[in-house]
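Peer 1: Residue numbers (the working numbering), protein chains in the order written: chain A, 1 to 331; chain B, 1 to 331; chain C, 1 to 331; chain D, 1 to 331.
Take these hints with a grain of salt, some might be off.
Just so you know, same-sequence chains aren't split out, so a pair can sit in one copy or run between any two.
As the list claims (entries may be wrong) - List time: in silico DSS-like cross-link candidates among lysine-lysine, alpha-carbon distance up to 27 Å: (1) K142 to K6; (2) K289 to K173; (3) K168 to K142; (4) K331 to K95; (5) K223 to K244; (6) K6 to K331; (7) K6 to K325; (8) K223 to K286; (9) K173 to K244; (10) K60 to K293; (11) K244 to K286; (12) K293 to K97; (13) K223 to K164; (14) K97 to K331; (15) K47 to K223; (16) K275 to K244; (17) K325 to K142; (18) K168 to K244; (19) K164 to K244; (20) K286 to K331.
Calculated from the structure, these hints are not laboratory results.
Protein chains: 4
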Amino acid sequence: MNSFGKILRVHIFGESHGSCVGVVIDGVSAGLPISEEDFLIDLERRKGNHQKGTTPRKEKDFPIFKSGIFNGKATGFPITILFENENVRSEDYEKQKNIPRPSHVDWAAHQKFGGFEDYRGSGHFSARLTLGFVAAGVIAKKMMPNIKIEANIISIAGENDIEKGLQKAIEAKDTVGGIIECKVNGLPVGLGEPYFDSLESLLAHIIFAIPAVRGIEFGTGFKATTMFGTEHNDAIENMQGKTKTNHAGGIVGGISNGNELIFRVAFKPASSTPKEQISLNWETQKLEKFSIKGRHDLCVALRAPVIIEAVTALVLADCMLLEQKIPRVIK
Amino acid sequence: MNSFGKILRVHIFGESHGSCVGVVIDGVSAGLPISEEDFLIDLERRKGNHQKGTTPRKEKDFPIFKSGIFNGKATGFPITILFENENVRSEDYEKQKNIPRPSHVDWAAHQKFGGFEDYRGSGHFSARLTLGFVAAGVIAKKMMPNIKIEANIISIAGENDIEKGLQKAIEAKDTVGGIIECKVNGLPVGLGEPYFDSLESLLAHIIFAIPAVRGIEFGTGFKATTMFGTEHNDAIENMQGKTKTNHAGGIVGGISNGNELIFRVAFKPASSTPKEQISLNWETQKLEKFSIKGRHDLCVALRAPVIIEAVTALVLADCMLLEQKIPRVIK
Amino acid sequence: MNSFGKILRVHIFGESHGSCVGVVIDGVSAGLPISEEDFLIDLERRKGNHQKGTTPRKEKDFPIFKSGIFNGKATGFPITILFENENVRSEDYEKQKNIPRPSHVDWAAHQKFGGFEDYRGSGHFSARLTLGFVAAGVIAKKMMPNIKIEANIISIAGENDIEKGLQKAIEAKDTVGGIIECKVNGLPVGLGEPYFDSLESLLAHIIFAIPAVRGIEFGTGFKATTMFGTEHNDAIENMQGKTKTNHAGGIVGGISNGNELIFRVAFKPASSTPKEQISLNWETQKLEKFSIKGRHDLCVALRAPVIIEAVTALVLADCMLLEQKIPRVIK
Amino acid sequence: MNSFGKILRVHIFGESHGSCVGVVIDGVSAGLPISEEDFLIDLERRKGNHQKGTTPRKEKDFPIFKSGIFNGKATGFPITILFENENVRSEDYEKQKNIPRPSHVDWAAHQKFGGFEDYRGSGHFSARLTLGFVAAGVIAKKMMPNIKIEANIISIAGENDIEKGLQKAIEAKDTVGGIIECKVNGLPVGLGEPYFDSLESLLAHIIFAIPAVRGIEFGTGFKATTMFGTEHNDAIENMQGKTKTNHAGGIVGGISNGNELIFRVAFKPASSTPKEQISLNWETQKLEKFSIKGRHDLCVALRAPVIIEAVTALVLADCMLLEQKIPRVIK
């Protein structure tokens, strides 16, 4: 269940407080140059290092290649990348393991996995698993040198000014959410299929694999529900299929139409707020006040743009392979 | 690419103006009683018959069982259901086949399928294919007698009053969009997986398989981006996992938590508006005025609730089978 | 579970004594010319009409196109083909439904499907389902005009002379088995993958989907177990990879090496022998003598070459698509 | 392509002379006790340590758990197991990298992967990858405590006496092949499906993932082609479905029938023989004499029984999960 993709396939594994998190990426075109340096910028972006509101937990997060790369190039076989967990404070979690944190998966996971789940630092549910997404995304991006994927925060805590939104969080000593917009340029016409494998279906599928995502909309999105057809329709203007407007956000009938791909993603405020909360202790069966220690972000959306770019790249590269627009061997 | 599901698998086929549309449903529990009558209510709902604003094309849309049902019960083998196309006016489309309709898939499909696609009535892209979704959904619903799925229109053309929204469309002689809300009660805890097979991922995947969908949000959705963590967090109140609020919409960490599942879906205004439009004739390479004849809905969202229920049921039944909460044989 | 393939995907359905058997073939390259005539030779070969030892049940077995073909060409969408069941004598089976026929699936199916299976004429288990294989194979073959697949009977009832083997069956009034050899020429180097998707794995997988198959061997096969390495090794002779010998049968390390692909398939004698047999009546719980009425073949292997060719073509076309050696659109 | 399974899914990775080989096993029931000790016997069997004719390369082959195990039990999330490569002599291979070894994949892999493959010690094609099979098999076996899987060598170099067969190899200083028979007891009725997911299809698929396998037969196998139907048919004797004979080898119509599952697998002599051979140097384009240095087995079949048991266990456990005969959580 921890796998995604048809030709370019990604499998993630690991736990927050176990030995590592990692990813296996199968189906990468042989010959693609891959070095550790390729990963550094995106891994750094994922840390959100330079912004207020991100967690003080700082791993080195250096990618360790375990397979599939030889002489600096992809071999065409599965690429395995590990990220060691080095900076772990499990005792923070041990104390509160019987108190399911509100809006965390603790309670549901405990039911589903019978109490055998690794509860330390959310275990497999930790956002640390998105290291694997980012690493796979770096490779997917390299497979499509002419396609430009760019995600940006467009609002935090309801404010279009990121600083202002973060200030709200800092003042309230509480977590806040945000909206990320992703734009892709250079896409060929014809990616995606009608119905089950529509490009929206594939993108939405993997976007909701990112923790804290609560909504996605393409093109004009929810606002389109208030428009008339003649307002919303994008008239084709030239033989390249360029449209006058782009309410569709680059996808019609499930298929890319060559215009800019645009979608927006809603991130809720992180559940792990520094404020005192109340929950039910499932051992004592009593409500208890508690505070979440650990180290957490005031705004998880800050780290999200690079993750959204990564998973978008995975979907697009897979579609490109299916449409034979990326070769299996890169010479 | 026209398939969905892991254990309960659905394959759709057919064209709007070909001989039929249909569906193969594999993995249905043996012994499930299935009769033609089971389908009539939902098929009727899909027609949106009794509401203004739906297309005058009225097929009988009677389900023809071709396999997998014996003595009124599912055999456990693939169930094939056909819907014959009886009321076809292809000449409406023949005339305009070189003018890609704005915001329709015509242009992109022509590029992707090399001009070999059946363009009559949108061919395989026709919303008529959703007959297969509805039929499969009827069976999936029957596999989960204790789970109640209900989708309703909550706004049309930006109005919360359906009548008022439709009136806007009728007055403007233009198409309008709408928002559908789906609620599911009776779900067990533990459906869905972290990451790629999160319940949101699976639901969003199949929801975007429905034509004209532009957005989806779970629980509080996009509005959650304006809330603080302590506002948004749902505190667990009892040992059944009931939460005080339900901002999460019944899913945490990708997994159902036993509370009501809630999501909303945005439908754009249909591209086929009765108004005159302009597009590029790809033969003459000139812009042309044209009107869409055919028979079309002023508001496709009117037919959508039953389709949303159907695909939701498909996802949930598949998850239930995976979690061994539906038996493979029903005695 | 009734599906096969990655890009070229085949779904079969139907029952022997239901309304039809059929197949959905998804992923066929758009533009491929397809007419009913294309199917006639292979469908005729499947009937084994002109040979002694084949069943007197003679359906017209005419392919009815229900979707995916427009103006005589594949559209790129799912192709559905039905074969109506016209010549059904269900009463033959009704009488003996509580007596599981020896070496038939009756007993196991009854346990697995809880008695809800369609038992008439073996229902979904009927070799009549292989009509779908043959139809899909015709299309797959057409996608690879430069690849020649040819399967032939090389022994019947242990005799290398087919006539002599059949004579044994006729004299004994009993069924007999046989061995089919399949050879493929014109394959490119590089189809198949190491390990799980080795070309042998994919071929063996689908070959064992054919009823009555009990074994498969590639190249020198079981006899290779008696050879020394230096005897068995195939030395490469030229820059095209042509080998001096071909003990490998065209596959090394799971991958086609450009030499002739060769494998052999063992078919057991059909379980439905005209002779009186004994089995346990699961209603009376007593052993009973009984004879199989119905209409059956003395040697199912006679019909098998075309079925083997068909499924081989399906695997190869899927691998060719994956390796981008067949285009998605054929102009 | 390096993945297998529906609910219990296995992904393998690594290269012979890279940093490690490994496996990700997803879908393991939460709560299953797993310790390093569980692996030692089967890993030792895979080394074939105590038998003549196995390679002198001796790694420690100790399983390193990287994810999915917590407090000695499966968490229900992906289990990652690595085996470090410690004893690597790459220079043996460097010298001959332009001479494709006869009947090795060198030449075909070079074509398919464009020369980017890791050629050292056969890279990803190395039988060392079967460490992952064995490790996954240990876990699959533990999921089915009441099912007994046992594979044994039944012939070496055409001799039923293993010692005698090996003696032939040692005397000839050449490699030899062999046949392994696998028997499974305790299987429930009903595993496998008709056609594409027949139990034979699934087993054959994964058996051919093992390097050097050239054939497989179930029950009486190829010999069944010489029998009459009445000889081959297995009459059911009691209400448990026990048959008088077991020519079917425990599978009818693709489905387990509760009798002993039996199949045999043919292993060719290893391609890496110590004898001098001739091949085409693809740089000089001339035929050259050469000898394979490295460290290799005289009879790879000696290590094979435990590998066959492992992959058989993977298929059976996956089928058991699908049939809901193994719970998702083991308490």
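Peer 1: Now tell me, hint by hint, if it's right for this structure.
Peer 2: Hints, one by one, checked against the model:
For a Cα distance limit of 27 Å, the shortest separation of K142 from K6 qualifies both inside one copy, at 18 Å, and across copies, at 25 Å. For the homomeric pair K289 and K173, the shortest alpha-carbon distance inside one copy (17 Å) is at most 27 Å, but the shortest distance between copies (58 Å) is not. Taking the shortest Cα distances, K168 and K142 never come within 27 Å of each other, neither inside one copy (38 Å) nor across copies (49 Å). Within a single copy, K331 and K95 get their C-alpha atoms only as close as 55 Å, which misses the 27 Å cut-off; across copies the closest is 24 Å, which meets it.
For a Cα distance limit of 27 Å, the shortest separation of K223 from K244 inside one copy, 18 Å, qualifies, whereas the shortest one across copies, 30 Å, does not. Taking the shortest alpha-carbon separations for K6 and K331, both the intra-copy value of 23 Å and the inter-copy value of 26 Å come in at or below 27 Å. With identical chains, the CA atoms of K6 and K325 are at most 27 Å apart both within one copy (15 Å) and between copies (18 Å). Taking the shortest alpha-carbon separations for K223 and K286, neither the intra-copy value of 44 Å nor the inter-copy value of 31 Å comes in at or below 27 Å.
For the homomeric pair K173 and K244, the shortest alpha-carbon distance between copies (22 Å) is at most 27 Å, but the shortest distance inside one copy (45 Å) is not. Taking the shortest alpha-carbon separations for K60 and K293, only the intra-copy value of 22 Å comes in at or below 27 Å, while the best inter-copy value is 42 Å. For a Cα distance limit of 27 Å, the shortest separation of K244 from K286 across copies, 15 Å, qualifies, whereas the shortest one inside one copy, 60 Å, does not. Only within a single protomer do K293 and K97 lie at most 27 Å apart by alpha-carbon distance; the minimum there is 12 Å, versus 56 Å between protomers.
In this assembly of identical chains, K223 and K164 lie within 27 Å of each other by CA distance both inside one copy and across copies; the values are 25 Å within and 18 Å between. Taking the closest pair of Cα atoms, K97 and K331 come within 27 Å of each other only across two copies (19 Å); inside a single copy the shortest separation is 52 Å, beyond that limit. Proximity of K47 to K223 under the C-alpha cut-off of 27 Å is restricted to the inter-copy arrangement: shortest distance 26 Å between copies versus 32 Å within a copy. In this assembly of identical chains, the alpha carbons of K275 and K244 lie at most 27 Å apart only when taken from different copies (18 Å versus 49 Å within one copy).
Proximity of K325 and K142 under a CA criterion of 27 Å is satisfied in both settings, with 14 Å inside one chain copy and 23 Å between copies. Taking the shortest alpha-carbon separations for K168 and K244, only the inter-copy value of 25 Å comes in at or below 27 Å, while the best intra-copy value is 39 Å. Taking identical chains as interchangeable, the C-alpha atoms of K164 and K244 are never at most 27 Å apart, the minima being 34 Å within one chain and 30 Å between chains. With identical chains, the CA atoms of K286 and K331 are at most 27 Å apart between copies only, with a shortest distance of 25 Å across copies and 64 Å within one.
Of the hints listed earlier, those the structure fails to meet are numbers 3, 8 and 19, in rising order.
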